[in-house]
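Asker: Residue-level listing of the chains:
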Amino acid sequence: MDLQTAINIPWKRLLRLALERGGSYADLFFEQTIYHDITLRDGQVNAAGTHTDSGLGIRVLTGDQTGYAFTESVAARDMERAAQTAAFIADSSNPAPQSVRLHTIKTKNLYPVTDQWNDISPERKIPFLQEMNDLVFGADKCVKKVIARLSDTTTFIRFYDSEGTGFTDLRPMASLSVSCIMEAGGKTETASCSRSFRIGGEFLQHSLIEELAAEVVARTAFQFSAVQPKGGEMPVVMAAGGSGILLHEAIGHAFEADFIRKSISIFSGRLGTRVCAPGINIIDDGTIPFNRGSINIDDEGTPGQKTYMVTDGILTSFLHDRISAAQFGVPATGNGRRESFRFMPLPRMRATYMENGPSTEESLIASIKKGLYVDTFSNGQVQIGAGDFTFYVKSGYLIEKGKLTRPVKDVNIIGNGPAALADIKGVANNFIMDNGTWTCGKEQSCPVSCGMPTVLVGSLTVGGGA
Amino acid sequence: MRNAYCSCRIFNGWRRSMSTPFTLKDMAQYALTSALRKGVEQVRVTAMQDVSDSFTVRNDKLEKLYQAGESSLFIHLFADGRYGTCSTNRPEEKEIDRLLDTAIASTRLLAADPYRVLPPAEKCYNGLIRSGGGLPSDPLSVEAKKKTAFKCAAGVWGTDPSLVHVTADYSDSRSCLYIIDSQDLYCFSSDTYYSLSAECAVNGPHNTRPSDWYVKGGITPDAIGIGESAPDNCARLALERALAKRAPGKIPSGYYNMVVENRAASTLLAPVIQAMSGSALQQGSSFLLNMLGKQIAASHFTLKDEPHLPNEPGRRYFDSEGLATKPRTIIENGILNLYFLSTYFAGKMQMTPTIEGPSVLQLEGCEKDLHSLIQKAGKGVLVTGFNGGNCNGTTGDFSYGIEGFLFENGDILRPLNEMIISGNMKDLWLRFLSAADDALHYSAWQIPSLLFENIAFAGL
Chain A
561 MDLQTAINIP
571 WKRLLRLALE
581 RGGSYADLFF
591 EQTIYHDITL
601 RDGQVNAAGT
611 HTDSGLGIRV
621 LTGDQTGYAF
631 TESVAARDME
641 RAAQTAAFIA
651 DSSNPAPQSV
661 RLHTIKTKNL
671 YPVTDQWNDI
681 SPERKIPFLQ
691 EMNDLVFGAD
701 KCVKKVIARL
711 SDTTTFIRFY
721 DSEGTGFTDL
731 RPMASLSVSC
741 IMEAGGKTET
751 ASCSRSFRIG
761 GEFLQHSLIE
771 ELAAEVVART
781 AFQFSAVQPK
791 GGEMPVVMAA
801 GGSGILLHEA
811 IGHAFEADFI
821 RKSISIFSGR
831 LGTRVCAPGI
841 NIIDDGTIPF
851 NRGSINIDDE
861 GTPGQKTYMV
871 TDGILTSFLH
881 DRISAAQFGV
891 PATGNGRRES
901 FRFMPLPRMR
911 ATYMENGPST
921 EESLIASIKK
931 GLYVDTFSNG
941 QVQIGAGDFT
951 FYVKSGYLIE
961 KGKLTRPVKD
971 VNIIGNGPAA
981 LADIKGVANN
991 FIMDNGTWTC
1001 GKEQSCPVSC
1011 GMPTVLVGSL
1021 TVGGGA
Chain B
2 MRNAYCSCRI
12 FNGWRRSMST
22 PFTLKDMAQY
32 ALTSALRKGV
42 EQVRVTAMQD
52 VSDSFTVRND
62 KLEKLYQAGE
72 SSLFIHLFAD
82 GRYGTCSTNR
92 PEEKEIDRLL
102 DTAIASTRLL
112 AADPYRVLPP
122 AEKCYNGLIR
132 SGGGLPSDPL
142 SVEAKKKTAF
152 KCAAGVWGTD
162 PSLVHVTADY
172 SDSRSCLYII
182 DSQDLYCFSS
192 DTYYSLSAEC
202 AVNGPHNTRP
212 SDWYVKGGIT
222 PDAIGIGESA
232 PDNCARLALE
242 RALAKRAPGK
252 IPSGYYNMVV
262 ENRAASTLLA
272 PVIQAMSGSA
282 LQQGSSFLLN
292 MLGKQIAASH
302 FTLKDEPHLP
312 NEPGRRYFDS
322 EGLATKPRTI
332 IENGILNLYF
342 LSTYFAGKMQ
352 MTPTIEGPSV
362 LQLEGCEKDL
372 HSLIQKAGKG
382 VLVTGFNGGN
392 CNGTTGDFSY
402 GIEGFLFENG
412 DILRPLNEMI
422 ISGNMKDLWL
432 RFLSAADDAL
442 HYSAWQIPSL
452 LFENIAFAGL
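In the order they appear, the protein sequences are chains A and B. Read in order, the letters of the first sequence correspond to residues 561 to 1026 in my numbering. Read in order, the letters of the second sequence correspond to residues 2 to 461 in my numbering.
FYI, nobody ran anything at the bench for these hints, they're computed from the structure. Small disclaimer: the values here were computed from a predicted structure and weren't measured. Among the hints, erroneous ones may be present.
When the alpha-carbon atoms are kept at most 30 Å apart in a straight line, the in silico DSS-like pairs for lysine-lysine are as follows [to be verified]:
hint	chain 1	residue 1	chain 2	residue 2
1	A	1002	A	961
2	B	65	A	1002
3	A	701	B	427
4	A	572	A	790
5	A	985	B	251
6	B	427	A	790
7	A	747	B	427
8	A	1002	B	217
9	A	1002	B	377
10	A	929	B	251
11	B	148	B	251
12	A	704	B	427
13	A	963	B	251
14	B	148	B	65
15	B	305	B	217
16	A	1002	B	62
17	A	1002	B	251
18	A	1002	B	295
19	B	251	A	961
20	A	930	B	251
21	A	790	B	251
22	B	380	A	790
23	B	65	A	572
24	B	147	A	1002
25	A	790	B	377
26	A	747	B	62
27	B	377	A	704
If the Cβ cut is set under 10 Å, some of the chain A residues that face chain B in the computed set are [as the list claims (entries may be wrong)]:
hint	residue
28	595
29	596
30	612
31	631
32	646
33	744
34	746
35	750
36	754
37	826
38	903
39	938
40	973
Glycine included, every Cβ here is placed at the ideal spot set by N, Cα and C.
Please take these sequences and the hints and turn them into a complete structure.
Answerer: Structure (C-alpha cells):
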C-alpha cells in the first residue's frame, strides 16, 4: 500500500461496510512507515537496515465495544473484508446513518521537517557515528567498547471517520543511543544514554554527539564507585529530568481514562478532589515542538493538546480517548494513540511533567538527614488498581546530614501512587525535560517523554541490602 | 502475501481470508534470487505469515473483537564483506526490487565485517522435504471462540459482591515461517497457539482495586479446555487470587527464605540466559564472561534445553539463521555448559556457533508442589509476582519489586506489597535450594516454583 493508494481508498464505501451491522462509529487509519537504522560496533559502522511497513486499520465502535481488523493489502476486496470483520462488534442489521461530507482537520505542525530522512544517505550518518565513537574513546582511557545506533522513522498517516473527519499527518522520529563499556581495577561497568525527537535530518548536529559522548562516559565512570545501598523506607529526592518517570508510573497510567471508566484505577471517582499539596501542577502535553511524545493530532482525530491533570493539587482531568470521553460526557483530550495500524487506539500519555515549584534542589537535599537522591532511571511499572508503582534507579547518592555522600546504583524503588503524590514535600524551580528514548508499553509501544523539577517525596521503599 | 488473498471460508457471517499457501514462499525465493542477481554474494530470506483472532469479554458483554493477518519478508544481505538488512510487509516483486536496490547501495557504504557470514552449512537444519506448506488450518468457529470467552467470564461474574470487573480473553494465532539462504538452506515451520486468560479486580480497602490473573495456553484448543463440559476455572482462580491480595502490607527489612511461584520464576532466570548470549559476552558486558565450565549455581541445579519435545510451545528444529537445534544441558549440577552463540558472535569470539538462544527450557523439580516448598522453607516470603525492577547484565546486580505472602510453618499468613528483593545473580543462584515439580506448560520456559535461602528484602 502506498501514499497514492491511501489518498484514493474508497473511504466512503469502507465506512459504509464497517457500519452495516449497526455500529455507531467507524474510522479508517492508513499508515505507511519507512524506517532506517545504522549501527556502530567495535569501532566501525558495520550494519544498516531499511524497512517499510504499511497497512489500513479499521475500527468500529458500538458504545464502549470495539471491533478491529486490519489489512496490509491494497486489494479493494481485502480492505472490504477488514471493514466487514470489524463490523461484527455490532449485531444489528440496521446500518447506522453516517455523514459523508469530509471536513479535513488542519493543525499547527509541531514537527516540520526540512531535511527528509528518506533523502539522507548512510554516507552522512556514518561519520556522525564514527565521530561519536572517537569522542567516547577519547574521553577516558578506561573505555573498552562502544555501541552507537542511529535510527529514523518517517510515518505518513491518513485518517477518515464516519463523522466526516479526515486528516493527514507526517510524523518523523529520530533516535540516537550510545552505550559504553569501561574496565578499571579488575571491574567492568557499562552505561548508556540516548536522545530522541520528532525531527528530520536537522537532528544530526555535532553538539548532540558531544553531549551524549560526555554523558555516557560520565555515567559509566560513576558506576565504579557506586554500590547498592541498604534498603528500607526513606525520603527520596528525585533529580530534575528523568525523575518524571515518577509521574508516568505513579500517576499518569492511573489517570488514563480507560482504567477510570472501568473503575479499576485507584484514582477512580477522585476527579475534583485534592491529590497533592497546593501549588503542584501536573501536565500531559502533546504540543511541545519536536518532543518525542508530541502529536499534531491523535490517532482518532482529536488535535494534540496540553492537558492539566492536576491543577494546584486538585485532580482536574483524566486522559481521554473517544470512548471514555463519550462515557464521561467531556471532550476527548487527544490521548487516543496507537502503536501502528495493527492496533486500536487507547488512552496513552504524551509528554508528562510537573511544573516548577518554589524551592531549590539544594534546599530539598539539605532538609534530609538520611535519605536517597536519584537521578538516572531505566524502567518503571505500575499496578493500576493497587496503585503500587516502581522505577529502577541506575544512579544516585545517599543523602546524609543534608549532603550527597556515597554513590549508589541498581536499586528499585517502590511506592503507592496516591500516597506518594500526597507525600510530595517540596518542588524545586529547576525543571528539565528528559529527551531520552522513553517508550511506554501499555499493551502497545508508544513513544513518550517525561520531565520534572527536583522533587522531594517524604517516604518510598528503596531496594538494597537488609 | 497480502495482495494475493483468496476467499477461503465464510461461516457465521464472519468472512475470513487466507493467503495462497505457496505465494509467500515464492516471494522469499524471488527476493533471494533477485538479491544474488543484483550482485550480493550471500543472502538469507525469512518470510513469515501470521493470522490471529481475539475476543475479549468484560463482565457479561463482548468488549473487543480483533482479527489480524500479516506477513513480512526480512532479507539479510552480505555484500562485498559488508552486512545490511531490509524488510517489507508488502512482498511484491516491484517492492522487493526497489527495497533491495536501496538496501544494497546502503550496505556497500558500510565498513567490511569479516564475521558477517552465513552459518556453517554442516551446522544448519537439513531435515525436511522441500514441499513447503502454509498456515495451519483453523479448527474452531468464530462462535466457539466467542463462547469460550463468555463462558470464562460467566464463571465469576455476579458471584462475589467484591468483584469490580472480570475480563476474559480468548486468543489464538496460526503462523508459518520460511527461512532460505544462498547456501541452499531450506527451513519451514508452522505453529499454532491458543490461550484463555481471565483478570479480576476486586474492591479493597482505601479505594484500592487489587487484581490478579490466571492464564491457560498451549498449541491445541485442548490446552484451554475447549470441548470440555466442566465449567472453566480460569476466572475463578483469578478471582481467588485477587481476593487474597486485599489489605497487603510490608514486613521489616531483613533476610528471608524466598519461594517464587512458577508463573513468576522466569523473571529471575531471564538475566542468566541473557548473560549467556553472544551479544553480551562479545562486548564483555556479561556477568558470566569466562564462566564456561565453572560453577554458577548450586550443585543441585540443572537446566536443560529440550527443543524437540512434541506439543510444547517453543519447540523448533532451527533458529533464526537456520542453525539446527538439539537437546542440550545448559547448566549441569551448577556448572555452566553452554553459551548461546550465533554465527556472528561466535566468529568474533573465535568460538564455534551453538544456537542463538534456548527453545524449550526445562528445570526439573524434586519437590511435589508449591506447598511442599513452603513447608520446606519453614518461614519466609512467597513471591507470586514481580513489580518492576531490573538486573545489571554486566555485574549481575539486581533489584525487583515483589508482591506475595508471608508464610510460617507452611501456612500463608498475610499478603505483602511494596517490598523489594536485591542482590547479585551469581549469589542468588548459589542460594537455590529446591524446585517443585509444577512447571507451567503454556510457555516455552517451563520453570517451576523455586526456593532460595536468605534473600535480602527491603520493606519497613
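Asker: Each hint should be assessed against the structure and marked as holding or not.
Answerer: Now for the hints, and whether the structure bears them out:
1. A:1002 / A:961: 40 Å, violated
2. B:65 / A:1002: Measuring from Cα to Cα gives roughly 16 Å; hence the hint holds.
3. A:701 / B:427: It holds: about 29 Å lies between the C-alpha atoms, which stays within 30 Å.
4. A:572 / A:790: It is violated: about 64 Å lies between the C-alpha atoms, which goes past 30 Å.
5. A:985 / B:251: 23 Å, holds
6. B:427 / A:790: 19 Å, holds
7. A:747 / B:427: Given pair residue 747 of chain A, residue 427 of chain B holds - Cα atoms ~15 Å apart, limit 30 Å.
8. A:1002 / B:217: Roughly 22 Å between the alpha carbons, so the hint for residue 1002 of chain A and residue 217 of chain B holds.
9. A:1002 / B:377: 38 Å, violated
10. A:929 / B:251: 23 Å, holds
11. B:148 / B:251: Violated, because 41 Å separates the two Cα atoms, which is more than 30 Å.
12. A:704 / B:427: 23 Å, holds
13. A:963 / B:251: This hinted pair holds, its Cα atoms lying about 29 Å apart.
14. B:148 / B:65: 13 Å, holds
15. B:305 / B:217: It holds: about 23 Å lies between the C-alpha atoms, which stays within 30 Å.
16. A:1002 / B:62: 23 Å, holds
17. A:1002 / B:251: Between residue 1002 of chain A and residue 251 of chain B the Cα gap is close to 27 Å, so the pair holds against 30 Å.
18. A:1002 / B:295: At roughly 40 Å apart (the allowed maximum being 30 Å), residue 295 of chain B and residue 1002 of chain A break the hint.
19. B:251 / A:961: 27 Å, holds
20. A:930 / B:251: 21 Å, holds
21. A:790 / B:251: 17 Å, holds
22. B:380 / A:790: The hint holds at about 23 Å.
23. B:65 / A:572: 24 Å, holds
24. B:147 / A:1002: Holds, at about 24 Å.
25. A:790 / B:377: Between residue 790 of chain A and residue 377 of chain B the Cα gap is close to 28 Å, so the pair holds against 30 Å.
26. A:747 / B:62: 57 Å, violated
27. B:377 / A:704: 46 Å, violated
28. 595: 9 Å, holds
29. 596: This hint holds: residue 596 of chain A lies near chain B, its Cβ roughly 8 Å from the closest one there, short of 10 Å.
30. 612: It holds, given that the least Cβ distance between residue 612 of chain A and chain B is near 5 Å, below 10 Å.
31. 631: At 7 Å from the nearest chain B Cβ, residue 631 of chain A passes the 10 Å test, so the hint holds.
32. 646: 8 Å, holds
33. 744: 13 Å, violated
34. 746: Cβ of residue 746 of chain A sits 12 Å from chain B, so the hint is violated.
35. 750: Interface hint status for residue 750 of chain A: holds (5 Å vs cutoff 10 Å).
36. 754: 16 Å, violated
37. 826: With a closest approach of 6 Å, the residue 826 of chain A hint holds.
38. 903: 9 Å, holds
39. 938: This interface hint holds because 6 Å falls under the 10 Å limit.
40. 973: 8 Å, holds
Checked against the numbered hints above, the structure breaks hints 1, 4, 9, 11, 18, 26, 27, 33, 34, 36 and satisfies the rest.
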